[in-house]
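Enquirer: Everything in the sequence shown is counted per the UniProt record's numbering, starting at 1 for the first residue and increasing by one.
By construction, these hints were calculated from the structure, which means they are not laboratory data.
This one's a predicted model, so the numbers in the text were calculated from it and none came from an experiment.
Worth double-checking, as some hints may not be accurate.
[What the hints assert, rightly or not] Between beta-carbon pairs, the in silico distance windows are:
#1 64 / 97: 17 to 23 Å
#2 42 / 100: 28 to 34 Å
#3 42 / 21: 18 to 24 Å
#4 101 / 69: 26 to 32 Å
#5 101 / 38: 26 to 32 Å
#6 118 / 24: 16 to 22 Å
#7 14 / 110: 21 to 27 Å
#8 114 / 22: 17 to 23 Å
[As the list claims (entries may be wrong)] Calculated cross-link-like contacts (lysine to aspartate or glutamate; reagent style EDC-like; alpha-carbon spacing at most 20 Å):
#9 2 / 102
#10 2 / 117
#11 2 / 101
#12 2 / 22
Glycine included, C-beta positions come from ideal geometry on N, C-alpha and C.
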Amino acid sequence: MKVMIVEDENFIALELERIAQEAGHQTIGPVSTVEQALAYAQRSEVALVDLSLSDGLSGAQLARRLIDRHGVDVIFVTGSPENVGHGIEGALEVISKPFTDERIASALSRAEARRKDFDSSKAAF
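Throw the hints in and build the complete structure from the sequences for me.
Expert: Rendered as structure tokens:
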């Protein structure tokens, strides 16, 4: 699965990239702005998105565009999970920082299973 890393803190971005790759996924990025993320959206299936990016508190708006316009599944990885509120419709999960390797890998596994289920249901029609 192609996983875009959207995170402006380099150390965290590299950790997310490592976890995704060790779980068998291809990674795109890391990217740190909405503009960069949208440039790579068509190549992505899932995005790990922080709420606070280099261009401000723009993660939520980015997630909405990724979900609605590009069909990218979004998993928030944020130090401020309370700012997601009751969630953003279409986002798969909200993971709090600090996170564990297992938490990220598990969320990616669920996202992959969801995509496979969706793809197989489309193929049935």
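Enquirer: For each hint, tell me whether it holds in the structure or not.
Expert: Cross-check of the supplied hints:
1. 64 / 97: 17 to 23 Å: holds, 21 Å
2. 42 / 100: 28 to 34 Å: This hint holds: roughly 31 Å between Cβ atoms.
3. 42 / 21: 18 to 24 Å: holds, 21 Å
4. 101 / 69: 26 to 32 Å: With a Cβ separation near 31 Å, residue 101 and residue 69 satisfy 26 to 32 Å, so the hint holds.
5. 101 / 38: 26 to 32 Å: For residue 38 against residue 101, whose Cβ atoms are near 28 Å apart, the range 26 to 32 Å holds.
6. 118 / 24: 16 to 22 Å: holds, 19 Å
7. 14 / 110: 21 to 27 Å: Roughly 23 Å apart at Cβ, these two residues keep to the hinted range, so it holds.
8. 114 / 22: 17 to 23 Å: holds, 21 Å
9. 2 / 102: holds, 18 Å
10. 2 / 117: holds, 17 Å
11. 2 / 101: holds, 18 Å
12. 2 / 22: The hint holds at about 13 Å.
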